[in-house]
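A.B. asks: Residue-level listing of the chains:
There are 4 protein chains.
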Amino acid sequence: MKKLRLGMIGGGPGSFIGAIHRIAARMDNHYDLVCGAFSSSAEKSIQTGNELGLNTDRIYPSYEKLITAEKSLPEEKRVQVISIVTPNHLHFEPAKMALENGFHVILDKPITLSLAEALLLKDIQERTGKFLCLTHTYTGYPMVKEARQQILDGKLGEIRKVYVEYPQGWLSTAVENKQADWRTDPSKSGIAGAMGDIGTHAFNLAEYVSGLSVQKLCADINTVVANRRLDDDGAVLLKFENEVSGVLMATQIAAGEENNVKIRVYGEKGGLEWQQADANTLTLKWLDEPAQTYRTGGSYLSSFAQHNTRTPSGHPEGYLEAFANIYKNFAEHILAIQNQSEPKKESLDYPGITEGIRGMAFIETVIASGKSTQKWLDLKKS
Amino acid sequence: MKKLRLGMIGGGPGSFIGAIHRIAARMDNHYDLVCGAFSSSAEKSIQTGNELGLNTDRIYPSYEKLITAEKSLPEEKRVQVISIVTPNHLHFEPAKMALENGFHVILDKPITLSLAEALLLKDIQERTGKFLCLTHTYTGYPMVKEARQQILDGKLGEIRKVYVEYPQGWLSTAVENKQADWRTDPSKSGIAGAMGDIGTHAFNLAEYVSGLSVQKLCADINTVVANRRLDDDGAVLLKFENEVSGVLMATQIAAGEENNVKIRVYGEKGGLEWQQADANTLTLKWLDEPAQTYRTGGSYLSSFAQHNTRTPSGHPEGYLEAFANIYKNFAEHILAIQNQSEPKKESLDYPGITEGIRGMAFIETVIASGKSTQKWLDLKKS
Amino acid sequence: MKKLRLGMIGGGPGSFIGAIHRIAARMDNHYDLVCGAFSSSAEKSIQTGNELGLNTDRIYPSYEKLITAEKSLPEEKRVQVISIVTPNHLHFEPAKMALENGFHVILDKPITLSLAEALLLKDIQERTGKFLCLTHTYTGYPMVKEARQQILDGKLGEIRKVYVEYPQGWLSTAVENKQADWRTDPSKSGIAGAMGDIGTHAFNLAEYVSGLSVQKLCADINTVVANRRLDDDGAVLLKFENEVSGVLMATQIAAGEENNVKIRVYGEKGGLEWQQADANTLTLKWLDEPAQTYRTGGSYLSSFAQHNTRTPSGHPEGYLEAFANIYKNFAEHILAIQNQSEPKKESLDYPGITEGIRGMAFIETVIASGKSTQKWLDLKKS
Amino acid sequence: MKKLRLGMIGGGPGSFIGAIHRIAARMDNHYDLVCGAFSSSAEKSIQTGNELGLNTDRIYPSYEKLITAEKSLPEEKRVQVISIVTPNHLHFEPAKMALENGFHVILDKPITLSLAEALLLKDIQERTGKFLCLTHTYTGYPMVKEARQQILDGKLGEIRKVYVEYPQGWLSTAVENKQADWRTDPSKSGIAGAMGDIGTHAFNLAEYVSGLSVQKLCADINTVVANRRLDDDGAVLLKFENEVSGVLMATQIAAGEENNVKIRVYGEKGGLEWQQADANTLTLKWLDEPAQTYRTGGSYLSSFAQHNTRTPSGHPEGYLEAFANIYKNFAEHILAIQNQSEPKKESLDYPGITEGIRGMAFIETVIASGKSTQKWLDLKKS
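Those protein sequences? They're chains A, B, C and D, same order as listed. The working numbering puts the first sequence at residues 18 to 399. The working numbering puts the second sequence at residues 18 to 399. The working numbering puts the third sequence at residues 18 to 399. The working numbering puts the fourth sequence at residues 18 to 399.
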């Protein structure tokens with residue numbers, strides 16, 4: 018099996034998400050981490066690079082150096098995929114430069130600081146023909162994929178209602194740490210706090226699972242903790258296509274909550290429910306029939322669920338496996354293209370630029386709605 | 018122990034809620050059912066009265082007859098409390114007549130057809146000095162009472178967020194039966210369908226548990242099933258006093274859902290969660306401490322929870338017991354007054370006219386908001 | 018509807034189970050409590066009788082007086098069913114006297130102090146032709162009845178394995194109260210403590226649900242708390258007919274446990290699981306198919322489950338309702354016989370003398386096994 | 018960071034556990050897989066080695082070749098740790114040869130085919146001074162480690178009761194596949210089927226969490242599926258030191274069950290419960306206090322739980338992470354020794370030869386007990 022050579026921008030000392038990306042990349046043995054610019058501090062970059070056992074000459078002090086230097090390496094040695102795990106304000110430029118220099122890109126969400134940047138990035142991506150993957154982790158869970166397939170297959174009948182929620186409690190107080198600092202700083206996070214950090218995940222999950230696009234929304238956006246500069250709480254009424262309605266709740270001040278993203282979708286014939294706290298279970302509920310419990314690893318599952326599962330049923334797979342599924346499918350896509358073979362449809366099922374743009378449109382619309390006295394705002398063109 | 022003589026208006030053949038009220042009345046042996054006008058059909062009224070073993074001369078063909086005839090009986094024989102379990106359009110007149118003729122009243126929710134009627138009823142009640150009890154069942158659960166006490170005691174700190182939801186699926190199709198018919202008929206149900214039937218329960222639960230009043234709201238109200246004449250689905254953004262925000266979701270088209278009313282409240286220090294499907298559990302969640310599971314019957318519970326519990330912990334109490342708690346507390350209140358003793362504070366903890374008026378204000382505001390392009394509407398004066 | 022005239026022996030001040038029996042009797046309006054001998058203290062008997070609103074002349078100072086006096090009343094006034102809710106050592110004599118004087122009997126479990134007494138009681142019951150009902154509460158739950166029907170209908174295929182457990186924690190310390198005192202006193206409780214009090218429930222549940230009889234067993238019986246005179250903990254390997262094996266665990270020293278009786282049964286094609294803590298759910302598990310969640314009130318349930326349910330799905334029914342189902346079915350049986358009509362098969366589904374004898378055989382065998390060095394002991398002839 | 022060079026014996030095409038070991042080894046970046054003898058078929062070994070991207074000259078056709086060839090390589094290139102993932106009958110010889118040639122060993126459980134082999138292996142291990150790690154996965158879960166710490170810290174008081182269970186359903190029928198075949202073949206699996214495959218896990222978990230040693234047992238061992246050559250079901254009464262009693266249930270014929278290993282331990286003051294299906298939760302139950310829910314990632318957890326966690330609370334970690342914790346701690350131990358530094362106590366917390374010997378003593382005693390008419394058998398000397 019061929020492996021892809023991976024580089025990383027960001028993910029230095031104290032980064033939570035950088036470590037997650039690296040585990041995800043290692044999980045299925047599709048990537049070799051060969052280089053990195055882990056921090057804007059050269060020293061810290063070297064520290065992390067050393068800890069990861071990289072060759073010293075491929076630990077870079079900046080993303081520009083990384084891209085330039087790698088570009089000059091022989092093709093068989095040069096990095097192939099660059100993973101960008103920096104705060105939001107450092108997404109667009111490195112992604113642009115990476116794509117334009119011939120590298121595939123993995124980006125943490127939200128894709129950019131603004132919708133305008135996201136739309137630009139799409140042009141660049143299309144022009145360069147390189148691939149871009151966006152780590153909306155929750156779509157990586159096998160039972161989320163199963164949920165989507167059940168709905169696509171029409172099992173629930175026409176969809177009528179979508180509830181999605183993402184409660185966290187870790188910003189209930191004026192936390193000061195590396196994770197909290199940039200997320201509550203508009204210059205690094207953009208115009209949205211909670212709505213950007215976790216609201217976009219909830220939004221993406223709702224569109225992915227239901228197969229429907231949000232068309233307009235009405236938002237209540239709050240900053241609950243004193244002196245915080247961005248929203249830390251919000252609830253949104255949604256209107257999808259086909260007059261389907263929905264509710265999105267995302268908060269970071271639900272004291273005592275961990276990270277329990279949850280989705281429920283109801284159609285004419287039945288409903289379904291999934292939540293991360295019980296990630297290996299998908300509940301299907303039926304009119305006048307007993308509910309059913311679908312479980313990761315079940316022999317009765319769709320090819321999409323099975324493709325994204327590593328163990329037999331009863332061996333719980335979690336967040337890291339879901340994250341790794343995104344890396345895995347992206348690698349399978351790239352490798353298939355390299356081999357001039359047809360990628361499996363299951364491999365193509367990962368979030369990318371389209372989902373990134375939808376997320377930015379959501380952020381800009383939801384924040385505008387929070388400030389508006391008008392009830393419904395159309396989702397920004399995306 | 019003295020028992021109260023109970024009469025019933027409504028609750029004839031095929032009535033679900035009439036049977037529930039009678040079980041609730043029997044549970045704690047505080048009432049003797051002595052008379053009834055169970056149906057507008059004299060024949061059906063007699064049928065039900067006979068089944069219940071009533072004396073034939075106290076089975077009446079109409080509520081007017083019941084009230085007039087009972088009024089003429091000697092005081093020691095005459096009915097004392099009249100339970101009205103008819104559809105909404107038949108609440109106000111019988112309640113008014115009962116109060117004005119000297120009887121205490123138990124009413125099913127919503128209290129009347131309109132806010133105006135509810136406000137009138139308050140005047141009547143205050144003038145007559147008789148008591149009125151409204152069966153908002155969910156506040157009868159011991160763990161709901163515990164939730165309220167925890168918040169009143171400040172355990173969660175200042176409240177910040179309230180989520181309440183009430184999903185049902187039984188109106189997912191164009192059901193035709195006695196239960197569905199009147200609930201979807203504006204002449205019997207009033208201006209609201211789901212919002213009146215279950216939205217008011219959710220609204221009452223949110224105000225009761227949080228101890229906070231809703232001040233304005235923004236609603237998305239839908240009629241999902243074709244040709245239905247009233248709403249069957251809705252979601253509402255709420256603003257309580259003290260800038261506390263909330264979300265209320267109530268639907269009767271969530272196919273596969275039963276009746277799982279659920280509330281979550283978050284404060285500065287922690288949060289709590291209760292749902293009817295696991296009615297004997299109250300979860301308390303804390304910042305940086307393990308969550309706690311409070312259970313009906315626990316020795317550590319408040320006097321309000323203990324007062325409303327009949328069995329030791331581990332013996333599940335359910336919907337009928339919650340319903341019976343409302344009957345029980347109402348009886349204890351009346352009996353204490355009869356005995357010229359001070360009622361226990363726990364006995365006074367049942368819903369009444371104030372909650373009824375709040376519910377009607379909610380209904381009228383939420384339906385107006387559903388039709389409005391204005392984002393926030395103030396709750397109607399109540 | 019005719020009601021049965023009910024009398025009670027035991028159930029005076031401080032009795033937990035007496036109050037439960039009375040709620041159960043009231044729930045469905047099939048009984049009128051007309052007399053009682055609530056305590057061996059005449060004073061306490063009068064106190065309880067007064068609280069219950071009985072006529073003074075039908076409050077008796079002893080069970081003998083009750084039976085004799087009621088016998089002498091005119092038939093249309095005389096008590097018809099006598100409920101005996103005393104500690105175990107006061108089961109046999111009152112039951113015998115009641116049956117021999119023409120009264121139907123409801124008895125708390127275990128049926129008697131010894132297997133010999135239970136066998137005698139069977140003779141008496143058969144000779145007198147009166148009916149006897151034993152309150153093995155857990156078989157009264159609708160979902161337990163559904164479990165039994167699923168197995169009887171062959172849905173699981175041939176049964177292979179039965180696990181039943183009954184963990185409590187309330188005797189973890191040397192508790193001193195009315196409930197604990199007699200249960201740990203061999204002169205009142207008999208040769209078994211936990212095995213008699215809750216082990217018999219677990220045993221009854223296992224035989225009822227599986228439809229299989231235990232043939233031999235091997236027990237580990239312990240007295241964990243110092244100075245306790247009877248067992249407070251035990252685990253038992255079971256062999257049913259057809260070489261089906263099982264495990265029964267019952268303990269009263271599982272600190273922190275409430276009362277969570279649970280059963281799991283596995284057959285060739287699938288398994289099922291029910292536990293009291295989630296009493297309205299029955300889980301059916303299948304080979305290579307999603308598990309199913311059956312819920313009280315579901316339209317798809319057997320007539321046995323539906324017959325024993327009072328509310329639509331989603332309105333939790335609990336312990337008191339399960340208890341009341343036993344009273345209800347017993348009443349329906351007696352009333353059908355009185356009316357010379359055929360009782361419904363669902364009404365006949367309540368525990369009686371046969372289950373009582375099985376329980377006593379279990380107690381005597383399990384205690385003997387606990388003391389034996391022989392591995393397997395045959396269940397005593399019953 | 019230095020990485021360890023890893024080799025693998027077994028784990029060729031179709032091996033479930035080989036793939037799991039490799040993911041576990043990759044997860045934390047402590048190992049580089051450098052060589053393997055993946056199958057007794059040279060062709061298959063090459064196939065797997067190629068898929069894994071190994072250098073062809075380090076893909077071997079037999080474990081003997083692997084050990085001999087690697088031994089001859091320069092020390093800085095030579096494999097350091099050999100992971101043996103073959104069926105049970107191929108554990109002892111490769112492990113012996115690996116240890117004697119200077120390699121550390123990771124072994125799948127049960128450690129050997131017989132207790133005698135296990136005791137021999139211990140001598141060899143002690144003589145060579147190399148380390149041995151046994152992959153009893155379930156002890157790798159952070160919440161299992163927390164459970165052990167809570168008990169060691171005396172939070173539950175003196176332990177009184179241990180329940181452990183391991184229900185599976187996948188051998189409910191006469192399955193024929195690579196996984197089932199060797200597990201039901203005495204020449205490959207040894208004298209035990211289910212008791213060796215999963216009973217040893219349950220036994221290990223019970224001793225690990227409780228901190229107590231089993232001293233004697235009484236077993237009911239069954240072969241339920243016709244023509245199966247080894248046990249597929251069993252239940253065991255346990256006696257630990259200090260007169261603590263317990264029950265172990267392990268079955269592979271519980272149709273519909275996945276893999277839900279579960280443990281409950283009760284002491285004087287409280288109890289605890291953990292199950293793999295909800296692996297990130299540890300429930301602590303208390304006398305007269307609300308139960309507590311400890312969660313992976315909680316800031317209040319012991320250093321042992323925290324050391325074995327990769328993500329913040331609310332990001333579920335699963336089976337692969339638990340497995341990886343064993344690899345991680347073993348690596349940290351070896352690397353500390355290589356660096357002549359003191360290993361952290363948390364790194365030393367992995368199963369090894371002692372646990373392996375206990376497991377073999379359990380297997381031999383439990384199978385003997387299954388055939389015995391004597392009630393209690395002492396655990397074989399270990």
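The set of hints was computed from the structure by calculation and includes no laboratory data. Please note: incorrect hints may appear among the correct ones.
Chain copies aren't distinguished; within one or between two, either way the pair holds.
[Unchecked claim] Subject to a maximum C-alpha distance of 20 Å in a straight line, what follows is the list of computed SDA-like cross-link-like pairs (lysine to any residue):
id	residue 1	residue 2
1	Lys172	Thr190
2	Lys286	Gly314
3	Lys286	Ala133
4	Lys139	Ile34
5	Lys19	Thr73
6	Lys286	Arg245
7	Lys286	Thr190
8	Lys88	Ile208
9	Lys113	Thr371
10	Lys256	Ala385
11	Lys94	Leu69
12	Lys172	Arg245
13	Lys279	Glu290
14	Lys256	Ser389
A.B. asks: State whether the alpha carbon distance between Lys286 and Ala133 is at most 20 Å within one copy, between copies, both, or neither.
C.D. replies: Answer is neither: 40 Å inside a copy and 39 Å across each miss the 20 Å cutoff.
A.B. asks: Is it within, between, both or neither when you check Lys19 against Thr73 at 20 Å Cα-Cα?
C.D. replies: between (24 Å within a copy, 14 Å between copies)
A.B. asks: For Lys286 vs Thr190, is the C-alpha pair at or below 20 Å within one copy, between two copies, both, or neither?
C.D. replies: So Lys286 and Thr190 pass the 20 Å test across copies only (9 Å; inside, 43 Å).
A.B. asks: At most 20 Å between alpha carbons: which applies to Lys94 and Leu69, within, between, both or neither?
C.D. replies: both (18 Å within a copy, 19 Å between copies)
A.B. asks: Please work out whether the CA atoms of Lys88 and Ile208 approach to 20 Å or closer within one copy, between two copies, in both situations, or in neither?
C.D. replies: Classified as neither: same-chain Cα gap 34 Å, cross-chain 61 Å, threshold 20 Å.
A.B. asks: State whether the alpha carbon distance between Lys279 and Glu290 is at most 20 Å within one copy, between copies, both, or neither.
C.D. replies: For Lys279 and Glu290, the Cα distance is within 20 Å both inside one copy (7 Å) and across copies (15 Å).
A.B. asks: Is it within, between, both, or neither for Lys286 and Arg245, if the alpha carbons may be no more than 20 Å apart?
C.D. replies: between (44 Å within a copy, 18 Å between copies)
A.B. asks: If the cutoff is 20 Å on CA atoms, where do Lys172 and Thr190 land: within, between, both or neither? Let me know, please.
C.D. replies: Intra 43 Å, inter 16 Å, cutoff 20 Å: inter-copy only.
A.B. asks: My question is about Lys172 and Arg245: at a cut-off of 20 Å on alpha-carbon distance, are they close within one copy, between copies, both, or neither?
C.D. replies: neither (44 Å within a copy, 24 Å between copies)
A.B. asks: Is it within a copy, between copies, both, or neither that the alpha carbon of Lys256 lies no farther than 20 Å from that of Ser389?
C.D. replies: both (17 Å within a copy, 16 Å between copies)
A.B. asks: Given identical chains, is Lys139 near Ile34, meaning Cα to Cα at most 20 Å, within a copy, between copies, both, or neither?
C.D. replies: So Lys139 and Ile34 fail the 20 Å test inside a copy (24 Å) and across (42 Å) alike.
A.B. asks: When no copy is named, should Lys113 and Thr371 be tagged within, between, both, or neither for a Cα gap of at most 20 Å?
C.D. replies: within (16 Å within a copy, 56 Å between copies)
The structure is inconsistent with the numbered hints 3, 4, 8 and 12, although it conforms to all the rest.
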